[in-house]
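There are 2 protein chains.
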Amino acid sequence: MTDRRRFANVSSRAKGPHRVVVVGAGFGGLAAIQGLRRSKASVTVIDRQNFHLFQPLLYQVATAALNPSDIAAPIRRVVRGWKNTEVILADVTGVDMDRRVVQLADGEVPYDSLVLAAGATHSYFGHPEWEEHAPGLKSIEDALEIRRRMLLAFEIAEREPDPEVQREWLTFVVVGGGPTGVELAGTLRDVARMTLAKDFTHIDPSTAKVILIEGSPHVLPPYASELQESAKRQLQALGVEVRSGLHVTHIDAQGVCINDERIAARTVLWAAGVAASPLGKTLGVAVDRAGRVPIQPDLTIPGRPEVYVIGDLAHLEQDGKPVPGVAPAAAQMGSHAAQNILRAMAGKPLLPFHYKDKGSMATIGRGAAVAQVGRFKVSGFIAWMMWMFVHVFFLVGFRNRLLVVLQWAWSYVTYDRGARLITGRADGPLVQGLTEDRLPSTTGAEPIRG
Amino acid sequence: MTDRRRFANVSSRAKGPHRVVVVGAGFGGLAAIQGLRRSKASVTVIDRQNFHLFQPLLYQVATAALNPSDIAAPIRRVVRGWKNTEVILADVTGVDMDRRVVQLADGEVPYDSLVLAAGATHSYFGHPEWEEHAPGLKSIEDALEIRRRMLLAFEIAEREPDPEVQREWLTFVVVGGGPTGVELAGTLRDVARMTLAKDFTHIDPSTAKVILIEGSPHVLPPYASELQESAKRQLQALGVEVRSGLHVTHIDAQGVCINDERIAARTVLWAAGVAASPLGKTLGVAVDRAGRVPIQPDLTIPGRPEVYVIGDLAHLEQDGKPVPGVAPAAAQMGSHAAQNILRAMAGKPLLPFHYKDKGSMATIGRGAAVAQVGRFKVSGFIAWMMWMFVHVFFLVGFRNRLLVVLQWAWSYVTYDRGARLITGRADGPLVQGLTEDRLPSTTGAEPIRG
Numbered sequence: 002m003t004d005r006r007r008f009a010n011v012s013s014r015a016k017g018p019h020r021v022v023v024v025g026a027g028f029g030g031l032a033a034i035q036g037l038r039r040s041k042a043s044v045t046v047i048d049r050q051n052f053h054l055f056q057p058l059l060y061q062v063a064t065a066a067l068n069p070s071d072i073a074a075p076i077r078r079v080v081r082g083w084k085n086t087e088v089i090l091a092d093v094t095g096v097d098m099d100r101r102v103v104q105l106a107d108g109e110v111p112y113d114s115l116v117l118a119a120g121a122t123h124s125y126f127g128h129p130e131w132e133e134h135a136p137g138l139k140s141i142e143d144a145l146e147i148r149r150r151m152l153l154a155f156e157i158a159e160r161e162p163d164p165e166v167q168r169e170w171l172t173f174v175v176v177g178g179g180p181t182g183v184e185l186a187g188t189l190r191d192v193a194r195m196t197l198a199k200d201f202t203h204i205d206p207s208t209a210k211v212i213l214i215e216g217s218p219h220v221l222p223p224y225a226s227e228l229q230e231s232a233k234r235q236l237q238a239l240g241v242e243v244r245s246g247l248h249v250t251h252i253d254a255q256g257v258c259i260n261d262e263r264i265a266a267r268t269v270l271w272a273a274g275v276a277a278s279p280l281g282k283t284l285g286v287a288v289d290r291a292g293r294v295p296i297q298p299d300l301t302i303p304g305r306p307e308v309y310v311i312g313d314l315a316h317l318e319q320d321g322k323p324v325p326g327v328a329p330a331a332a333q334m335g336s337h338a339a340q341n342i343l344r345a346m347a348g349k350p351l352l353p354f355h356y357k358d359k360g361s362m363a364t365i366g367r368g369a370a371v372a373q374v375g376r377f378k379v380s381g382f383i384a385w386m387m388w389m390f391v392h393v394f395f396l397v398g399f400r401n402r403l404l405v406v407l408q409w410a411w412s413y414v415t416y417d418r419g420a421r422l423i424t425g426r427a428d429g430p431l432v433q434g435l436t437e438d439r440l441p442s443t444t445g446a447e448p449i450r451g
Numbered sequence: 002m003t004d005r006r007r008f009a010n011v012s013s014r015a016k017g018p019h020r021v022v023v024v025g026a027g028f029g030g031l032a033a034i035q036g037l038r039r040s041k042a043s044v045t046v047i048d049r050q051n052f053h054l055f056q057p058l059l060y061q062v063a064t065a066a067l068n069p070s071d072i073a074a075p076i077r078r079v080v081r082g083w084k085n086t087e088v089i090l091a092d093v094t095g096v097d098m099d100r101r102v103v104q105l106a107d108g109e110v111p112y113d114s115l116v117l118a119a120g121a122t123h124s125y126f127g128h129p130e131w132e133e134h135a136p137g138l139k140s141i142e143d144a145l146e147i148r149r150r151m152l153l154a155f156e157i158a159e160r161e162p163d164p165e166v167q168r169e170w171l172t173f174v175v176v177g178g179g180p181t182g183v184e185l186a187g188t189l190r191d192v193a194r195m196t197l198a199k200d201f202t203h204i205d206p207s208t209a210k211v212i213l214i215e216g217s218p219h220v221l222p223p224y225a226s227e228l229q230e231s232a233k234r235q236l237q238a239l240g241v242e243v244r245s246g247l248h249v250t251h252i253d254a255q256g257v258c259i260n261d262e263r264i265a266a267r268t269v270l271w272a273a274g275v276a277a278s279p280l281g282k283t284l285g286v287a288v289d290r291a292g293r294v295p296i297q298p299d300l301t302i303p304g305r306p307e308v309y310v311i312g313d314l315a316h317l318e319q320d321g322k323p324v325p326g327v328a329p330a331a332a333q334m335g336s337h338a339a340q341n342i343l344r345a346m347a348g349k350p351l352l353p354f355h356y357k358d359k360g361s362m363a364t365i366g367r368g369a370a371v372a373q374v375g376r377f378k379v380s381g382f383i384a385w386m387m388w389m390f391v392h393v394f395f396l397v398g399f400r401n402r403l404l405v406v407l408q409w410a411w412s413y414v415t416y417d418r419g420a421r422l423i424t425g426r427a428d429g430p431l432v433q434g435l436t437e438d439r440l441p442s443t444t445g446a447e448p449i450r451g
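So the sequences go chain by chain: A and B. So the number in the working numbering is just where the residue sits in the first sequence, counting from 1, plus 1. So the number in the working numbering is just where the residue sits in the second sequence, counting from 1, plus 1.
Mixed in with the good hints there might be a few duds.
Which copy is meant is left open, so a pair is good if it fits within one copy or across any two.
As the list claims (entries may be wrong) - The list that follows gives simulated cross-link-like pairs (lysine-lysine, BS3-like), each with its CA atoms no further than 30 Å apart: (1) K322 x K349; (2) K210 x K84; (3) K84 x K199; (4) K322 x K378.
Note that these hints are calculated values from the structure, not bench results.
Looking at chain A on its own, in the form it has when it is part of the complex (with noise of 0.2 Å):
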């Protein structure tokens, strides 16, 4: 079978027009190929996965206010009606540059210029043993494992007898005071004392405790410091504990610790760490700490014009600062690439890629987060509004949008979440099983009503 995948079908569909491979089809990769859409280019992406994801939303999955269709949007439809643009949903395992093909666990793709936006994971900080007690946030998968955790805590803590071990799975820590841990930190408390105060006999879901720890002096770290204030106070305000400048040290299934002092969680969410995707270190080029790829202004790897590296698997330093890993910054290079792309297949220079800092915002829970633009800064109420707007008109898809916007507007006015379910584990003993200082991980077995 394996062996006789080779790929005929698209090598020997893409002979004549000049053979762009866009590796990844995030914020990066789908700019790319917008931009080449009406080229003489033929185009190939090429994802393990059939969608494009919404990422900056995708804490909205994990605390059970949106579906994941909500934020995905089908690559195939993304790209339909593009005559020169074909989909591949495979696993990419490297890259030989001297060969000019894309290899994957199945075959091979051949290009004239590679766009390589294969982004970015969790990084765990050389404790890959703390994934499965912590999980991240970076996949369907991830925030459908997080919301599991955090709606089954409430449920095991309905049932315990014992005060205290109770008190264990009504606490929550988050580690991690970037965008994304101060989103679920807010956002955990905004589920605990609104959407599931009333829905249980013998706990008050609203003393859940929520704890969000940030390694630097304080939350938001790239933030102007009156925000990273104002964060802390919104935080604060929806009941967040704030701990900022420590390290966990250790982190279990009953709890983490920062050096010496042991604070007892059931649940522990991951927002700390990010690093590129494996694909970089197979490239054979020296790549930094977090396993980014070093590029030259052009967007491409020293040595090989036709191969541009964009967005969280690019490592780009502007004005003595590194282009951040945020979702314009990808889309802007990967515009940039196509347009540079489009150059040399005319035989014009490359041109350099310029950052535009549109301004950065982050949502801290309902009605709460902070934003700047330039020097303008604002906080609180209006700044949400900003934030649901920009990421409502982004949203890829009409349809999406339109019942986002409507998924927002019922859980504002009821406080309710639709997406409050328990699934993944259609197995064996439910609750059991979660009792026993682990939560086992998603199996596909025959499941019994009961």
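Given the coordinates of chain A, assemble chain B onto it according to the supplied hints.
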């Protein structure tokens, strides 16, 4: 941990009033607790899932039209504000009818009256090994697995160079011509010829072959013969190959056998057999061949006037025919059990149950359905509109209803399906594993975008 979990909470709370325990929050269980909500009884509902599932629309999740949370309502939200009702998320392992306790995997719950509404699961007619090759459709997890296999089959066909193997990936077999099988087969053709038709480069999804195999002489066995004929014609008009009067004798990852004939198909779905929840067998009473518990006209077990069995778990003959295993029958039995419990509490004799057949309807595809209400029979678009109206009307919860209507309207106008996501396998090689003769089940390891 486990040995301490003795339901101190539950039993201590339920000393005074009459304690009713309801096992299962499907249509039967939900109707029972609704019938008791204003009573003096103390009601405990136990389910292994935290949501009520609107099973009649499960195939819409399996075929990527609806999201899981569109057809599921959290039980705690349904009973919010019902002062006498408590929800327990747990696995019921058995019942000790002498001691009057429901046994859980990790404790027990005492009752004065018991309603068993644990429902049904798949039956593979003594061939449990078929399950991994032919998933059934009973739970959210089942539906997402079927969605994943259906969408992946087209992706794999797109990349398959061997035309014969490609053909096998574009062939779908549905085993079982009851309402679920008919819905799945018709909708699969809708997806192939409408939703996906223009989205691939190397295959034409509209050529996908869907074969429906039914053991009895006609599809939709319990329907009037003119509707069976109409259903067959409507299926054929959608392009489904209907083969009735044939029994599947073998299923593996490459197809199915019907006696000596082999049908090569990489995706096989199971809609044939139903068996009652294994809970019935733990009661110590004789069960029928499908594992259902024979009950008296008042819905109780002979000699156990405090134990009611309802819905798919019960076997009750009426006017010489068994009460059918459909949602309205389960709901009517649930209401009747509640009424009888209230009568028993008041010292009144129990009343016999009478099933009122309000008609039945089955959908086939876009604009195609059959319905019969008494002598009134209707087919095609009007039956489909009736089916749609009834199902939307009964969906639990306003929010679900609104969103479902919008999504249906959207997908009707655009032929689009919003939930076209392949999820559930975040780790390891994506397509590679799938070309090796079997589909691995879901796991929870770390995803790396590539």
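Hint check:
For a Cα distance limit of 30 Å, the shortest separation of K322 from K349 inside one copy, 29 Å, qualifies, whereas the shortest one across copies, 82 Å, does not. For the identical chains of this complex, K210 and K84 are inter-copy neighbours only, at 26 Å across copies versus 53 Å inside a copy, given an alpha-carbon limit of 30 Å. Taking identical chains as interchangeable, the C-alpha atoms of K84 and K199 lie at most 30 Å apart only when they sit on different chains, with a minimum of 11 Å there against 54 Å within one chain. In this assembly of identical chains, the alpha carbons of K322 and K378 lie at most 30 Å apart only when taken from the same copy (21 Å versus 73 Å across copies).
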